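Chains as they are written, first to last, in my numbering: chain L, 6 to 82; chain D, 91 to 335.
Treat the hints with care, since some could be wrong.
Cut-off 20 Å, straight-line C-alpha distance, at most; resulting in silico cross-link-like pairs (EDC-like, lysine to aspartate or glutamate) [to be verified]:
#	chain 1	residue 1	chain 2	residue 2
1	D	Lys162	L	Glu53
2	D	Lys290	L	Asp63
3	D	Lys282	L	Glu54
4	L	Lys27	L	Glu59
5	D	Lys162	L	Glu19
6	D	Lys210	L	Glu53
7	D	Lys210	D	Asp153
8	D	Lys162	L	Asp36
9	D	Lys162	L	Glu59
10	D	Lys210	L	Glu59
11	D	Lys162	D	Glu130
12	L	Lys16	L	Glu47
13	D	Lys218	L	Glu59
14	D	Lys210	L	Glu19
15	D	Lys218	D	Glu259
16	D	Lys218	L	Asp36
17	D	Lys210	L	Asp36
Which stretches of chain D does chain L cover? Using the computed rule of at least three CB atoms under 8 Å from a CB of chain L, they are [said to hold, decoys possible]:
#	stretch
18	212-219
19	292-304
Read the hints as simulated data drawn from the structure, not as lab findings. Only a predicted model underlies this, so the values are computations on that prediction, with no experimental measurement involved. Heads up, the beta-carbon is just placed ideally off N, CA and C, and yes, glycines get one too.
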Amino acid sequence: MSDIEDRVRKKVVEHLGVEEDKVTENASFIDDLGADSLDTVELVMAFEEEFGIEIPDDAAESIQTFGDAVNFIKSNS
Amino acid sequence: MFDLNGKAALVTGASGGIGAEIARALHAQGATVGLSGTREDPLQALAGELGERAHVLPCNLGDADAVTALPKEAAAAMGSVDILVNNAGITRDNLFMRMSEEEWADVLNVNLTSAFRLSKGVLRGMMKARWGRIINISSIVGATGNPGQGNYAASKAGMVGMAKSLAYEVASRNITVNTVAPGFIATPMTEKLTDDQKAKINEQIPAGRMGTPAEIAAACTYLASEEAGYVTGATLHVNGGMAML
């Protein structure tokens, strides 16, 4: 498991208050992890700070699952 | 009551009569204030009058890039922006049939679009802090309409709809978004009216007089306070009974 995955998972667990083993590759923040749309905005903010990157609004909208987030961060940090 | 110690407030249009009074009132409750406006001299004078906890942040609200930069500059100067007062506004009155595209666009841009941009800019910090107050200064004419002010009334009514929508979205994060709608307020602008004109205006106001900037500022102080935490999406009309809405 990569370091990026660990750090993203930690942020998701922290923000959504879910069990770590629920945060799988295809887990949708909204459908599977109980996030509302504002939670997803906050998650993106948290990722930006954790990794010191800027995630533009249109890219943020395409980040729906844990895997999406990891892939985006891997290719942009 | 209404203690604002430790809070930082950004007030636009702080060079004008009402905006300056709002900044004074928030400052008097202990807030650090960021004074924004196009004219730097009156802002400097006000900052000098207030002394500590006052920052001058000039900005032309017609300039999109400058508006987008303002929340960041304010946060850099004050540490955070906990309270935003969208007070700045312009008028370009004209009969509807004579109103130019430019008169329409200028007023919407400064009065409404800049409020959108500034609100968006301060929200990130408020979301993280799980605390925030956004106060839009609208106008009685946003609710009643006014001949010659189709653009201004549209911008002021627009602020109300925008505030209510945003209030829904961020209420769970302890951020409130409210609107204050002043009626006729005595400012240097109304000083130019003749006694006759003033008497005619006062006849339409049940209170029999114009309001003062301090009476608008008091409404803002309340909405900015911890005590008003359960008030959101509201419009507080401060108009001497001129329109009971």
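Given hint Glu54(L) paired with Lys282(D) - CA-CA distance at most 20 Å:
violated, 52 Å
What's the verdict on Lys162(D) and Glu53(L), does the C-alpha distance respect the 20 Å limit or exceed it?
holds, 16 Å
Does the structure keep Lys218(D) and Glu59(L) at a Cα separation of 20 Å or less?
Between Lys218(D) and Glu59(L) the Cα gap is close to 16 Å, so the pair holds against 20 Å.
8 Å C-beta criterion, at least three residues: is the stretch 292-304 of chain D covered by chain L:
As far as the stretch 292-304 of chain D goes, the hint is violated, because 0 residues have Cβ atoms under 8 Å from chain L.
Lys290(D) and Asp63(L): Cα distance at most 20 Å?
Distance ~54 Å between Lys290(D) and Asp63(L) Cα, so the pair is violated.
Just to be careful, I want the Cα atoms of Lys218(D) and Asp36(L) compared with a cutoff of 20 Å; is the pair within it?
At roughly 24 Å apart (the allowed maximum being 20 Å), Asp36(L) and Lys218(D) break the hint.
Pairwise hint evaluation, Glu53(L) against Lys210(D), where the allowed Cα distance is 20 Å at most
holds, 17 Å
Would the hint linking Lys218(D) and Glu259(D) be met if the CA-CA limit is 20 Å?
Distance of about 15 Å is within 20 Å: holds.
With a cut-off of 20 Å on the C-alpha distance, tell me whether Lys210(D) and Glu59(L) pass.
holds, 16 Å
Checking one constraint from the list: CA of Lys210(D) to CA of Asp36(L), max 20 Å. Satisfied?
violated, 26 Å
Going straight from one Cα to the other, do Lys210(D) and Glu19(L) come out at no more than 20 Å?
violated, 25 Å
Could you grab the alpha-carbon distance between Lys162(D) and Glu130(D) and see if it respects the 20 Å cut-off?
holds, 19 Å
Hints 2, 3, 4, 5, 8, 14, 16, 17, 19 from the list above are not met by this structure, while the remaining hints are.
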